[in-house]
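Letter by letter, the chains look like this.
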Amino acid sequence: MSEAIETREKSTAPASGPRPARSWLRFLEPRGHWVWIALAIALILPFQLVPFRVFQLTMVLVYAVALLGLNLLVGHGGQISLGHGAFFAVGAYTAAIMMDRWDTPYPWTLPVAAAVTFVLGLALGVPAARLHGLYLALVTLAIAIFLVPLLKRFEDVTGGSMGLTLSKPQPPSWTGLAEDQWLYFLALAVAVAAFALVAGLLRSRVGRALHALRDNEIAAEVMGVRLAFYKTLAFAWSALLAGAAGCVYTWVIGFVSPDSFTVNLSITLLAGIVVGGLGSQAGPVLGGLFVMFVPSFAQDINQGAPGVIFGLLIIVVMYVAPTGLAGLAGRAVRSFDRTLRKE
Amino acid sequence: MADFIQQIVVGLGSGAIYASLALALVLIYRFTGIVNFAQGELAMFSAYIAWTFLDAGVPFWIALPITLAISFVGGMLIERIVIRPVEGAPELTIVIVTVGLFIFVNAAAGWIWSFLIKDFPNPFPDGALRAGGVSVGYSTLGVLAVVGVVMGLLYLLFRHTKIGLGMRAVATNPESARLVGIRVGWVLALGWGLAATVGAVSGIMVAPLLFLEPNMMGGVLIYAFAAATLGGMDSPVGAVVGGLIVGVAETLAGAYVDVIGSDLKVGVPLAIILVVLLLRPQGLFGKAAVERA
Amino acid sequence: MKDTAGEFLVVEDLHAGYGDATVLHGVNLTVARGEVCAILGPNGAGKTTLLRALSGMVKGRGAIRLDGADLLGRSPDAVARLGVAHVPEGRGTFMPLTVEENLRLGAFTRRDRAAIEEDLERVYGYFPVLKQRLKQPAGSLSGGEQQMVALGRALMLRPRVLLLDEPSLGLAPLVTRELFGIVQAINEQERTTVVVVEQNAHLALGIAQCAHVLETGRIVLSGTADEIQADEQVAQSYLGYRV
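Chains as they are written, first to last, in this note's numbering: chain A, 1 to 343; chain B, 1001 to 1293; chain C, 2001 to 2243.
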């Protein structure tokens, strides 16, 4: 017991160290210049690619936002969710229903979708906080499975199996952008905001408490971390991000139907964050790229190929590189940085 | 009244299916403390192996034992190759690995046998026993009988054989089991082999009822989880009783509760899992507490 | 290979521990065939780790030989099959299993059915109380009875070496004395070599022929039980009185 606490104290030490003055920029660290480079590339890309590729990159951003949420829960909180597709779906449907029924201007759907999924996350987070490990996985899986028939049932509101078709957000004329580019920048804005939000969260008490819980639940509790409170909170923030991603999904696709949000989506999201890199900052983006592009390439080999690749990679990643692609990339970046500095 | 009894009979029929997969889940949990999310997919894969033999003209009662044997060896190999490297790792890691296995096996079956639906012959005769307005299909009786036989065989194995005694020893105290000379690693593999065999029985029984396709067991898995949770994750008897209760509850809810109807029946296992975990986490027959600290 | 009575169990320059934490720093000791040997020392000296290394539960560097055969690097089940029975700290009871099942598990590696039945009777001879509790779950027994089950389980292996870790832990003095009497009887009647780790040095030295004192992972004193008992420093440190 005492040993465990000592280790914990050691690992929190860096987090409580001195902070730089421009603390709001801290989410760009470590290795901030790489984030700026990535952001610059992200701003140029939509002007260089054909609309279909721009659309694909937009979807990468959508997935990245959802994976950010899942990363918060799994990577930082050490809890398993096999049902994050459900929050994604609730966010998507919230936006779709608002736009379909009340002709709500699309920008308003984002805060509402985020709020709805946050509250839903809080409500589910209360029992979830009492469940340990694999039981949480079970319950979230059951929720994801249950959601599809539920969406089909309330046909009046959700459009049933047929789903809802909506008009996509149009670019304001002053921008001079095409539709696909406008959607891309909307998704990019949401993604950047989401990254900043998560970075802020992780630096706050919440983040430190989460890490303490993940590393040693019992020790953390002994040290006075309010277990249930922070677990519930992590669940809610995580749900919010998945919901925001779902909302942007609705903008981008302009169509929602229950069969877009089967349990496969939840499992794909988990696969994405595991392969991308649990607990790492770049993990969600790499995971999003992976979830978007690997299936479309592998599909050419065989319909089963994406799953075979996903499944194998998840297992291999858990064996050899628990920090996923981001961990591997991080190693590459660090050695590259070192070479640069030597020159 | 007859209608009510009829619904219970139907519920017992599907409950027996859930029970068989729940048994497989419980077998692995008892030995390793792992919930194998891929259990349903392994069962589906076994059903495909059986289908391949049947399709080649092998009679059912010959194809069955061959399939079971292949499943047994396959289960052992999976433990040795896939699970062994993460033995003792955090729960999160192991759950993720079995989810990876789930995705892999599901897709591999689609790759090998295509995602198209296949017809699977029913080993039991058509028709039904009728008494007082209630009819009990031979296939329902058959499924119940098979689950009974599997349960009985497992009981004999665990209670009356030396290897069964060794397996129970490993389940209760692996460290001490090692000290009396039991090769714990092989017992764990044996547990996976047994679970895969029981799962294969489940898959072969499900296939004729649901049609054979890679996502066949996806729906059954959540019911099996509910059954195992209700009965107690470490209790084989509990898995069977839990399975039957879940089957009956689901059927009755679908038939008599208008709000639920046939489409929202899948909410029943969710409700059962939640209620059990919050009120009596060890389940009806379980001994171990939920948290294995 | 030399096989003299004085070098039945040999430990040479044993380093062992858990992960990065090394607990044993070069332990050397020998136990003669048929002897009871006590391992004494303060808490945290590495006594339990030494036993765990002997039975393969922790890995180590150096050498451990039993009757010339190398034990180091073998898994616990392989060591057990070579005839080393380890009664671990906490007794290693299979709680939900019956007393009889617990005892039969001790003979898990044996194939000689008839002899196993004989040995069961012999265990009941040493521990008559167990015979009345055969069908009870072992977890429902008292601490002393569970220690008897553990000893009985170890005997069922027909061990060449019996490793006992703190058999007196949590037991009433009267029960402890009875248990040590039985250990002595087993040693005398079966000629089983016994290595016993014990906090209660007085009790252990009462039945031992040889003793080793372990301090911070090193043997600081070895000798016959009488010599150790007579040693002033040991007396002060572990026996609680001056000679």
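Since the hints were made in silico from the structure, they are not lab data.
Careful, some of the hints might be misleading.
Said to hold, decoys possible - If you want the footprint, here are the derived chain A segments under chain B, 3+ residues with CB under 8 Å: (1) 125 to 135; (2) 153 to 164.
Claimed, not checked - Simulated DEER-style distance windows between Cβ atoms: (3) A:V192 <-> C:H2025: 35 to 45 Å; (4) B:P1085 <-> A:S167: 49 to 59 Å; (5) C:R2110 <-> B:I1005: 47 to 57 Å.
Computed from a predicted structure; not experimentally measured.
All C-beta atoms in this analysis are idealised placements derived from N, C-alpha and C, irrespective of residue type, glycine included.
Cross-check of the supplied hints:
1. 125 to 135: Our answer is that it holds, as 7 residues pass the Cβ test (under 8 Å) against chain B, meeting three.
2. 153 to 164: Result for this restraint: violated, n = 1.
3. A:V192 <-> C:H2025: 35 to 45 Å: Hint violated: Cβ distance 56 Å, outside 35 to 45 Å.
4. B:P1085 <-> A:S167: 49 to 59 Å: Once the Cβ atoms are compared, 51 Å apart, the range 49 to 59 Å for A:S167 and B:P1085 holds.
5. C:R2110 <-> B:I1005: 47 to 57 Å: 54 Å, holds
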